[in-house]
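**Q** Sequence:
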Amino acid sequence: MTESVLNDLLRRVTESGLLEDAQIDEDSVIGSGHLDAAGVEVEVDLDPEIDDDEAPDLDAIMSNLKDVLSVGEERWRAIVEEISSDIEDALDDDELDADVDLRTDLEAIGVGVFADAIIVVFAGQTSFPDALVHVQLTPELEVEDIEIIGDDDEEDADED
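First residue of the sequence shown? That's 251 in this note's numbering, and the numbers climb one at a time after it.
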């Protein structure tokens, strides 16, 4: 089943034209896409979560992919504003350089798409040079969770 699901997802992505260089990579389909509102190319990972008991909802994955890549500029700015405000509120003053504006420093570099969620990965070259900001969005593109993952965190995760 795994192979047929991934082949079907790859076929759908290829036919949609949403991703370039789409290919199967282990249990997901990867490629690069253009996040229109941010004006950047991002690495995209479509994960049908094959390990789950239920059959993957490929229609939802494709819909989420289309929605996140084509989000309007106004909605994208609102998402980035919410992320920036939440991070600024959560961190102490000495943990974030006051001269850095997260709204311009955070740049989307990757997107993970699931049937029930979207993860956007941001790099903050000045604000978080050794970390990535993972933002979970609902299928309606509402911010659900924000996590800052540093190099140390990734090493710990790899050791498990």
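Derived by calculation from the structure, the hints in this document are not laboratory data. Hints are not guaranteed to be accurate.
[Claimed, not checked] Derived SDA-like pairs: lysine to any residue, alpha-carbon spacing no greater than 25 Å straight-line: (1) K316 with V290; (2) K316 with L382; (3) K316 with D349; (4) K316 with F378; (5) K316 with A340; (6) K316 with E265; (7) K316 with S278; (8) K316 with D277; (9) K316 with E332; (10) K316 with E390; (11) K316 with S254; (12) K316 with S282; (13) K316 with I274; (14) K316 with P379; (15) K316 with T388; (16) K316 with D258; (17) K316 with D351; (18) K316 with V350; (19) K316 with D380; (20) K316 with E357; (21) K316 with D301.
[Unchecked claim] Computed beta-carbon distance windows for the label pairs: (22) E397 with D349: 23 to 29 Å; (23) T252 with D349: 20 to 26 Å; (24) Q375 with E323: 18 to 24 Å; (25) I274 with D351: 36 to 42 Å; (26) A310 with D342: 17 to 23 Å; (27) D342 with D307: 36 to 42 Å; (28) D342 with E394: 42 to 48 Å; (29) D307 with E394: 17 to 23 Å; (30) D342 with D301: 22 to 28 Å.
In this text, all values refer to a predicted model and were calculated from it rather than measured experimentally. C-beta atoms are modelled at their ideal positions from N, C-alpha and C, and glycine is treated no differently.
**Q** Are the hints correct? Go through all of them and say.
**A** Hint check results:
1. K316 with V290: 15 Å, holds
2. K316 with L382: 23 Å, holds
3. K316 with D349: 35 Å, violated
4. K316 with F378: Violated - the C-alpha atoms of F378 and K316 are around 29 Å apart, more than 25 Å.
5. K316 with A340: Violated: K316 and A340 sit about 31 Å apart, past 25 Å.
6. K316 with E265: With Cα atoms ~13 Å apart, K316 and E265 stay inside 25 Å; holds.
7. K316 with S278: Cα-Cα ~17 Å, so holds.
8. K316 with D277: 20 Å, holds
9. K316 with E332: 22 Å, holds
10. K316 with E390: 12 Å, holds
11. K316 with S254: 22 Å, holds
12. K316 with S282: 13 Å, holds
13. K316 with I274: 19 Å, holds
14. K316 with P379: 30 Å, violated
15. K316 with T388: 14 Å, holds
16. K316 with D258: 17 Å, holds
17. K316 with D351: 29 Å, violated
18. K316 with V350: Roughly 31 Å between the alpha carbons, so the hint for K316 and V350 is violated.
19. K316 with D380: 30 Å, violated
20. K316 with E357: 19 Å, holds
21. K316 with D301: 24 Å, holds
22. E397 with D349: 23 to 29 Å: 24 Å, holds
23. T252 with D349: 20 to 26 Å: Distance hint for T252, D349 is violated at roughly 49 Å.
24. Q375 with E323: 18 to 24 Å: About 22 Å separates the Cβ atoms of Q375 and E323, which means 18 to 24 Å holds.
25. I274 with D351: 36 to 42 Å: Check passed, 39 Å falls within 36 to 42 Å.
26. A310 with D342: 17 to 23 Å: 39 Å, violated
27. D342 with D307: 36 to 42 Å: Holds: the Cβ-Cβ distance is about 41 Å, inside 36 to 42 Å.
28. D342 with E394: 42 to 48 Å: 24 Å, violated
29. D307 with E394: 17 to 23 Å: 18 Å, holds
30. D342 with D301: 22 to 28 Å: Since D342 and D301 have Cβ atoms about 38 Å apart, the given range 22 to 28 Å is violated.
In the structure shown, a violation is registered for the earlier hints numbered 3, 4, 5, 14, 17, 18, 19, 23, 26, 28, 30, in ascending order.
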